[in-house]
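Start from the sequences, fold in the hints, and give me the full structure.
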Amino acid sequence: MQNHVLVAIVTLAALLLYFVMGFRVGRARSKYAVPAPAISGNADFERVFRVHANTLEWLPLFLVSMWLFALYWSDAFAAAVGVVWIVGRILYMTGYTREAGARSAGFAIQGLATGVLLFGALGKLIWMAIQGAL
Amino acid sequence: MQNHVLVAIVTLAALLLYFVMGFRVGRARSKYAVPAPAISGNADFERVFRVHANTLEWLPLFLVSMWLFALYWSDAFAAAVGVVWIVGRILYMTGYTREAGARSAGFAIQGLATGVLLFGALGKLIWMAIQGAL
Amino acid sequence: MQNHVLVAIVTLAALLLYFVMGFRVGRARSKYAVPAPAISGNADFERVFRVHANTLEWLPLFLVSMWLFALYWSDAFAAAVGVVWIVGRILYMTGYTREAGARSAGFAIQGLATGVLLFGALGKLIWMAIQGAL
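Residue numbers (this note's numbering), protein chains in the order written: chain V, 1 to 134; chain X, 1 to 134; chain U, 1 to 134.
It is possible that part of the hints are untrue.
[What the hints assert, rightly or not] The calculated SDA-like cross-link candidates involving lysine to any residue, where the alpha carbons are at most 20 Å apart (straight line), are:
(1) 124/V with 16/U
(2) 124/V with 31/U
(3) 124/X with 100/V
(4) 124/U with 5/X
(5) 31/U with 37/X
(6) 124/U with 3/X
(7) 124/V with 4/U
(8) 31/U with 100/V
(9) 124/U with 16/X
[What the hints assert, rightly or not] Distance ranges between label pairs, derived from CB positions:
(10) 127/X with 105/V: 47 to 53 Å
(11) 123/U with 26/X: 23 to 29 Å
(12) 132/V with 30/X: 46 to 52 Å
(13) 26/X with 76/V: 42 to 48 Å
(14) 123/U with 83/X: 18 to 24 Å
(15) 126/U with 134/X: 39 to 45 Å
(16) 123/V with 26/U: 21 to 27 Å
(17) 131/V with 100/X: 52 to 58 Å
(18) 100/X with 83/U: 39 to 45 Å
(19) 83/U with 40/V: 33 to 39 Å
(20) 123/V with 87/X: 41 to 47 Å
(21) 30/U with 105/X: 39 to 45 Å
[To be verified] One-sided and incomplete, this derived list gives chain X residues near chain U with beta-carbon spacing under 10 Å:
(22) 5
(23) 6
(24) 18
(25) 22
(26) 34
(27) 35
(28) 36
(29) 37
(30) 52
(31) 53
(32) 56
(33) 59
Don't read these hints as lab results, they were simulated from the structure. Where is the CB? At the ideal position from N, CA and C, for every residue including glycine.
Spelled out as structure tokens, the structure:
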């Protein structure tokens, strides 16, 4: 498939999951009585809030690394690792919403997926820069 | 106009608005006596802080969706919807700064604009993937 | 060097620095006894937390502006200014971790670098739009 269509679809799927996390924060505001603009005061709310906030914190790492991997190396491999990231983030969301200790497995999965994309892209780019300089 | 110049200009205009929101947070720190690194303690400060933070939360949804829409479908339409997003965000900023309840109209406008871009791009990409697989 | 390899490498270097900042937040959680999901309660922790959060707040401004500058104007110049941004962010991290007042120099450097990229790209794009419309 041409034109990075796979990576683009995985990108929008990840953004949809991220949107769902934001929607859950809005719902948790009323459920746990934490009206805007407060973002703390109830631990159940704070866990739902942090699922969304932590995913935002990782989005630039994940999305930029996945696209650079796709652009400079392999579209299909980047998209496949991107699906692993989404699975990790779903486990992170369901675990962390239950209790803070249950966030580790999903977090590790998405972290490994991001590392593969970031260091894979970086290695390929440094290789290209060396080749170009010779 | 070639080369996605319109979408690029709308992108930088949105980032300038986002920069203004960040500048207002700095100013609100002194006005309401909330020195760094604190981010809470005064409701007037917290609303100004949340205008900026919520816009950051939506920036990946908006910018990535607008660019994918522009790259895979229509540059001019993506840029036009991007202008609607900016208008919604300005209303959100001025409303939320006044009171938490006055943030809804602007929020709805920017949310609809983002939805059009995200689901438009996703629909087009799934269509392309099906075409490619046939 | 072709294909924006320099800007891509600077992008990943900036993301690695941002990753280190996130890692320091996790370490500060145990050091200062601020367990998840809390993000406040200890000023030493809060400064380490805000180093990471403020950098996240600036990443879209910096990365998008650098890439638009590289795509529409000069790859090498964008990458060079990107290195200045990274240096400013390192000074910001080490300063702010020590005390809130020591964050200003690094913050100013990365802010100037971002401004050069944002207004440089915007100026070039508006010029292109005018040329295209004539």
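Verification of the supplied hints:
Annotation: proposed proximity of residue 124/V to residue 16/U holds, straight-line Cα distance about 16 Å (limit 20 Å). Restraint check for residue 124/V and residue 31/U: the C-alpha separation of about 37 Å exceeds 20 Å, so the hint is violated. For a cut-off of 20 Å, the pair hint linking residue 124/X to residue 100/V is broken: about 39 Å separates their Cα positions. A distance of roughly 10 Å separates the Cα atoms of residue 124/U and residue 5/X; the hinted pair therefore holds under the 20 Å criterion.
Proposed proximity of residue 31/U and residue 37/X is supported: the alpha carbons are some 18 Å apart, at most 20 Å. For the proposed pair residue 124/U and residue 3/X, the alpha carbon gap of about 13 Å is at most 20 Å, so the pair holds. This hinted pair checks out: residue 124/V and residue 4/U have alpha carbons roughly 13 Å apart, not beyond 20 Å. For a cut-off of 20 Å, the pair hint linking residue 31/U to residue 100/V stands: about 18 Å separates their Cα positions.
Among the hinted pairs, residue 124/U with residue 16/X is consistent with the structure: their alpha-carbon atoms are about 16 Å apart, no more than 20 Å. For residue 127/X paired with residue 105/V, a C-beta distance near 36 Å fails the hint of 47 to 53 Å. The given range of 23 to 29 Å is respected by residue 123/U and residue 26/X, whose C-beta atoms sit roughly 25 Å from each other. At roughly 49 Å, the beta-carbon separation of residue 132/V and residue 30/X lies within the given 46 to 52 Å, and the hint holds.
Taking the beta carbon of each, residue 26/X and residue 76/V are about 45 Å apart, inside 42 to 48 Å as hinted. At roughly 20 Å, the beta-carbon separation of residue 123/U and residue 83/X lies within the given 18 to 24 Å, and the hint holds. Under the hint 39 to 45 Å, the C-beta atoms of residue 126/U and residue 134/X, about 43 Å apart, fit the expected range. Range check, residue 123/V to residue 26/U: about 25 Å between beta-carbon atoms, so the 21 to 27 Å window is met.
Roughly 56 Å separates the CB atoms of residue 131/V and residue 100/X, a value that falls within the hinted 52 to 58 Å. A hinted range of 39 to 45 Å holds for the C-beta pair residue 100/X and residue 83/U, which are about 42 Å apart. Take residue 83/U and residue 40/V: their Cβ atoms lie about 37 Å apart, and the range 33 to 39 Å holds. For the pair residue 123/V and residue 87/X, the supplied restraint of 41 to 47 Å holds, since their beta-carbon distance comes to about 43 Å.
Between residue 30/U and residue 105/X the Cβ separation comes to about 44 Å, which falls inside the hinted range of 39 to 45 Å. Checking residue 5/X against chain U: minimum C-beta separation of about 5 Å stays under 10 Å; hint holds. Given hint, residue 6/X at the interface with chain U, holds; its Cβ is 7 Å from that chain's nearest Cβ, closer than 10 Å. Satisfaction of the interface hint for residue 18/X is found here, the shortest Cβ-Cβ separation to chain U being roughly 7 Å, below the 10 Å cut-off.
Annotation: interface hint on residue 22/X holds; nearest CB of chain U at approximately 6 Å, less than 10 Å. Checking residue 34/X against chain U: minimum C-beta separation of about 12 Å lies over 10 Å; hint violated. For residue 35/X, the interface hint holds, the least distance from its beta-carbon to any beta-carbon of chain U being 7 Å, beneath 10 Å. For the restraint placing residue 36/X at the interface with chain U, the shortest Cβ-Cβ distance is roughly 5 Å, inside the 10 Å limit, so the hint holds.
For residue 37/X, the shortest C-beta to C-beta distance to chain U is roughly 4 Å, which falls under 10 Å, so the interface hint holds. Annotation: residue 52/X was flagged as interfacial toward chain U, and the flag holds, the nearest CB pair being 7 Å apart, inside 10 Å. With its C-beta approaching chain U no nearer than about 8 Å, residue 53/X sits inside the 10 Å limit, and its interface hint holds. For residue 56/X, the shortest C-beta to C-beta distance to chain U is roughly 6 Å, which falls under 10 Å, so the interface hint holds.
For residue 59/X, the suggested interface contact is upheld, since its CB lies about 5 Å from the closest CB of chain U, less than 10 Å.
Figure legend: structure checked against the earlier numbered hints; hints not met, in rising order: 2, 3, 10, 26.
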